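Chain A is fixed; fit chains B and C onto it per the hints.
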Amino acid sequence: MEIALSSPLQMPATPARAARPRRRGRSVIPGFGLTMGLTLAWLSLIVLLPLSTVFIRSAGMGWADFIAAGLSPRALAAYRISFGTAFAAALVNGVFGLLTAWVLVRYDFPGKRVVNALVDLPFALPTAVAGIALTTIYSPSGWVGQLFEPLGIQLAYSPIGITLALIFIGLPFIVRSVEPVLEDLSADVEEAALSLGASPWQVFARVVLPAILPALLTGFALALARGVGEYGSVIFIAGNMPFKSEIAPLLIITQLEQYDYAGATAIATIMLIASFAILLLINLIQAWSRRRMQG
Amino acid sequence: MIRLQGITKRYGQYAALNDISLEVRDGEFLALLGPSGSGKTTLLRIIAGLAFPDKGSVTFNGEDVTDLKVADRKVGFVFQQYALFKHMTVAENVGFGLSVRKRSQRPPKARIKARAEELLDLVQLGGLGNRYPAQLSGGQRQRVALARALAVEPQLLLLDEPFGALDAKVRKTLRRWLRDLHKQMGLTSIFVTHDQEEALELADRVVVMDHGVIEQVGTPEQVYMEPATPFVSDFVGETNHFADGIHVRPHDLDIVAADGLPVVVDNVFRKGGAWRIEGVCAGDRVVELDVDASLPPPSPGETIQVRPRRSKAFTPTGANSHDHA
Amino acid sequence: MNTLSFLRARHLLIAAALAFIALFLVLPLAAVFSAALQKGLEAYGTALVEPDAISAIKLTLLVAAISVPLNVVFGIVAAWSIAKFDFPGKSLLITFIDLPFSVSPVVAGLIYVLMFGAQGWFGPWLAEHDVQIIFAVPGIVLATIFVTFPFVARELIPLMGEQGRDDEEAALSLGASGFQTFLRVTLPNIRWGLLYGVLLCNARAMGEFGAVSVVSGHLRGLTNTMPLHVEILYNEYNFVAAFAVASLLAMLALVTLVLKSLLEWRVGYHHGSARH
Numbered sequence: 001m002e003i004a005l006s007s008p009l010q011m012p013a014t015p016a017r018a019a020r021p022r023r024r025g026r027s028v029i030p031g032f033g034l035t036m037g038l039t040l041a042w043l044s045l046i047v048l049l050p051l052s053t054v055f056i057r058s059a060g061m062g063w064a065d066f067i068a069a070g071l072s073p074r075a076l077a078a079y080r081i082s083f084g085t086a087f088a089a090a091l092v093n094g095v096f097g098l099l100t101a102w103v104l105v106r107y108d109f110p111g112k113r114v115v116n117a118l119v120d121l122p123f124a125l126p127t128a129v130a131g132i133a134l135t136t137i138y139s140p141s142g143w144v145g146q147l148f149e150p151l152g153i154q155l156a157y158s159p160i161g162i163t164l165a166l167i168f169i170g171l172p173f174i175v176r177s178v179e180p181v182l183e184d185l186s187a188d189v190e191e192a193a194l195s196l197g198a199s200p201w202q203v204f205a206r207v208v209l210p211a212i213l214p215a216l217l218t219g220f221a222l223a224l225a226r227g228v229g230e231y232g233s234v235i236f237i238a239g240n241m242p243f244k245s246e247i248a249p250l251l252i253i254t255q256l257e258q259y260d261y262a263g264a265t266a267i268a269t270i271m272l273i274a275s276f277a278i279l280l281l282i283n284l285i286q287a288w289s290r291r292r293m294q295g
Numbered sequence: 001m002i003r004l005q006g007i008t009k010r011y012g013q014y015a016a017l018n019d020i021s022l023e024v025r026d027g028e029f030l031a032l033l034g035p036s037g038s039g040k041t042t043l044l045r046i047i048a049g050l051a052f053p054d055k056g057s058v059t060f061n062g063e064d065v066t067d068l069k070v071a072d073r074k075v076g077f078v079f080q081q082y083a084l085f086k087h088m089t090v091a092e093n094v095g096f097g098l099s100v101r102k103r104s105q106r107p108p109k110a111r112i113k114a115r116a117e118e119l120l121d122l123v124q125l126g127g128l129g130n131r132y133p134a135q136l137s138g139g140q141r142q143r144v145a146l147a148r149a150l151a152v153e154p155q156l157l158l159l160d161e162p163f164g165a166l167d168a169k170v171r172k173t174l175r176r177w178l179r180d181l182h183k184q185m186g187l188t189s190i191f192v193t194h195d196q197e198e199a200l201e202l203a204d205r206v207v208v209m210d211h212g213v214i215e216q217v218g219t220p221e222q223v224y225m226e227p228a229t230p231f232v233s234d235f236v237g238e239t240n241h242f243a244d245g246i247h248v249r250p251h252d253l254d255i256v257a258a259d260g261l262p263v264v265v266d267n268v269f270r271k272g273g274a275w276r277i278e279g280v281c282a283g284d285r286v287v288e289l290d291v292d293a294s295l296p297p298p299s300p301g302e303t304i305q306v307r308p309r310r311s312k313a314f315t316p317t318g319a320n321s322h323d324h325a
Numbered sequence: 001m002n003t004l005s006f007l008r009a010r011h012l013l014i015a016a017a018l019a020f021i022a023l024f025l026v027l028p029l030a031a032v033f034s035a036a037l038q039k040g041l042e043a044y045g046t047a048l049v050e051p052d053a054i055s056a057i058k059l060t061l062l063v064a065a066i067s068v069p070l071n072v073v074f075g076i077v078a079a080w081s082i083a084k085f086d087f088p089g090k091s092l093l094i095t096f097i098d099l100p101f102s103v104s105p106v107v108a109g110l111i112y113v114l115m116f117g118a119q120g121w122f123g124p125w126l127a128e129h130d131v132q133i134i135f136a137v138p139g140i141v142l143a144t145i146f147v148t149f150p151f152v153a154r155e156l157i158p159l160m161g162e163q164g165r166d167d168e169e170a171a172l173s174l175g176a177s178g179f180q181t182f183l184r185v186t187l188p189n190i191r192w193g194l195l196y197g198v199l200l201c202n203a204r205a206m207g208e209f210g211a212v213s214v215v216s217g218h219l220r221g222l223t224n225t226m227p228l229h230v231e232i233l234y235n236e237y238n239f240v241a242a243f244a245v246a247s248l249l250a251m252l253a254l255v256t257l258v259l260k261s262l263l264e265w266r267v268g269y270h271h272g273s274a275r276h
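So the sequences go chain by chain: A, B and C.
With this note's numbering applied, the first sequence closes on residue 295, and no number is skipped along the way.
With this note's numbering applied, the second sequence closes on residue 325, and no number is skipped along the way.
With this note's numbering applied, the third sequence closes on residue 276, and no number is skipped along the way.
Chain A extracted, bound-state conformation (with noise of 0.2 Å):
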């Protein structure tokens, strides 16, 4: 059967689009006027807003108020307990799960999919839960920390014990950053390598590891991030004292609930910056790594 070919298909045809100039650039898809609007209102009230007045009552502040609330030595010993043990569970956590990603992508082993589903857990789990099992885990009559009491070592109450918390928290960050760049690192460029004489270690440092650097840079500057501003899994654990080992997020809440307004912007606006910071850095490395792999 024939089909006339004759009139070409139409859009149904509104007088008020014939009327309307057409514009380049626009897709055929209708509703981004529509979806933009919405996305931009959404954004600018739920977040964009609302973050805004945190720098907007920082700079109502003046210069010397603004140091003094958010250098305060006080502040200062905060930032470092947090930033420090942030580090420390991110350098642990790049080793570590560097050995989880390339266990779970080049072998197979009896429960891997349990593994690879409870690598997740720290996503999944609420940070208060993880914060009273990890508290009682480490605790001087808790399973682990009843170990290392006779050695007089403190785990929880601690800078280790926040460690300790940032560590399961962090763990996912570096994992899934790097398990997909492990995958697509395809076993023949390994066996190149061998083929040519390399030793196993060689291989590994010389070509698997600088090929998935960028992935386990940006695993670990997520995972600095997290570690950073994380509250709930770490208050229990973190005994708190002021100077020794407050984190910054308590810091903020003690200024609230002494109506300190100006104290706990300042320390917010800080770690705000510091967030950007990083992000910022992440994103740098993906601009890095893109133009390393493309020339």
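One should not assume that every hint holds.
[Stated by the list, open to error] No more than 25 Å apart at the CA atoms, straight line, and that leaves these computed lysine to any residue pairs for SDA-like:
hint: 1; chain 1: C; residue 1: Lys90; chain 2: A; residue 2: Phe32
hint: 2; chain 1: B; residue 1: Lys69; chain 2: A; residue 2: Ser199
hint: 3; chain 1: A; residue 1: Lys244; chain 2: C; residue 2: Tyr237
hint: 4; chain 1: C; residue 1: Lys39; chain 2: A; residue 2: Ser139
hint: 5; chain 1: C; residue 1: Lys39; chain 2: C; residue 2: Ile232
hint: 6; chain 1: A; residue 1: Lys112; chain 2: C; residue 2: Ala16
hint: 7; chain 1: C; residue 1: Lys90; chain 2: A; residue 2: Ser139
hint: 8; chain 1: B; residue 1: Lys102; chain 2: A; residue 2: Val189
To be clear, the hints were calculated from the coordinates, so they are not data collected in a lab.
Please read all numbers here as calculations on a predicted model, not as lab measurements.
Only chains B and C this time, still in chain A's reference frame:
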């Protein structure tokens, strides 16, 4: 000289290689030819040390290397997808094998660099040492992979479908170039391919494989003109199948005036310097024959008579060639 | 790899990785259930039916029931505007949408206190009109919306981006309206990514602690979600009760993980890639 004896490799129930024995002569260019699943790549990897047989032995010049790691076998392996190190420059890729040697055997950096440049010149990529693999074309990448394998002065060169990922024109050029390179260097080389044209063009000897067994080993001329089994006759070159296991090549069929097999012509087209005639004979069998293009071709619908100049009969007792005068 | 030498290293590596996982992931999970059941099943059950616990559960469910659908709608709308059209500043927009991920939960709560608290921007106006946001349920909902904001969007944006516009353009060329196209063509294509995003969004919404802690006021029986209730019980040394409520949240986490895994194995859905 490489000797394989009784090589068997199973994956579960499936026998990838079944009692393979083969001798590779010094300096020869050997092709492992077969369809996918024939075991040719598995065999190559066993020779390389990237896989290990369940039974059998591999010896290099009398020395048993069956359990030797790939890093210790001094073989150069060129992978189908090149397997270049994306984060290293071309020169660094080529020099890699030298740079991972034990300190006592490692040449100084300057020497490694010089050697890399030497090899890049050899494969006609001189001056591109500072580029990254991502900046090169497929054919260039393949040559880098080759240069990298040659840099460590291997005793054996192994290539796994080296031109599989390239388009036709590049493939042709590289084939010719590889052949010349082999003539120049005289290095024992084994390559795997499913392209029988490629095997016939490049190899000194061809090993035709199917389903884990060797069907025939011979020169290209031998496997083409004297196929030992129906599979070889089919796989290497084109074949017409007739009743009673008789195989005839398209160019061995002539059009005769009388006393031939009647064929109804379906389609006629030019193939190189000949007319390719496609038709049907009794029993709905498809017949293909090549006729000199200087003569006028038959038209579709016409019935012609064909007679074979040369045929091969495969019976349960063996293969026989017949020359029909 | 079949190399003999690798075999020994492989077992060592697997053992090391499993030991790490067991220590840092399995142990805490086990601790929750062990501590919850320490005084037996009866004490466990009593803790869960206690009135304050029940209201905490109800509040958690309410907050999730509001914030998850809102963020689903937002996620779809945002992904549509980003994936189906070209415009400058796209990556900036995506960065903004991702912001809540990089912000500390305490700061997330703080910003709403700064806006709606007694000393906040709208504080006086709200007091005048007798509207309570901070230290009341609306504040908790707002803070939860903030922290779960990106979840659905960041699943759908790459998914819809990879799926392209062909299907929608085909539907339109056949005469479908924009909404019909969305309903009958786009939605079926993105259903698994949507489900995945909803799962993660819900897990976070029910489990959020830091941000909610700041805006909540901790009024027993009124403005305590389950995580906050856990904190109160724990600080009162009421460990069995604390872990009992916590175990409910842990079970939620396990269900989330199971469903997530099912989506990945059975359906083949993977974050960041498009499979129809």
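How the hints compare with the structure:
With a CA separation close to 13 Å, the supplied pair lysine 90/C and phenylalanine 32/A stays within the 25 Å bound. As the CA atoms of lysine 69/B and serine 199/A are separated by approximately 10 Å, the hinted pair is consistent with the 25 Å bound. About 24 Å separates the Cα atoms of lysine 244/A and tyrosine 237/C, which keeps this hinted pair within 25 Å; it holds. Under the criterion of a C-alpha separation no larger than 25 Å, the hint pairing lysine 39/C with serine 139/A is consistent with the structure, at around 20 Å.
About 19 Å separates the Cα atoms of lysine 39/C and isoleucine 232/C, which keeps this hinted pair within 25 Å; it holds. Taking the CA atoms of lysine 112/A and alanine 16/C, the gap is about 14 Å. The hint holds against a cut of 25 Å. For the hint linking lysine 90/C to serine 139/A, the alpha-carbon distance of about 48 Å lies beyond 25 Å, and the restraint is violated. Between lysine 102/B and valine 189/A the alpha-carbon distance is near 21 Å, which keeps this suggested pair within the 25 Å criterion.
Taken one by one, the earlier hints fail for this structure only at number 7.
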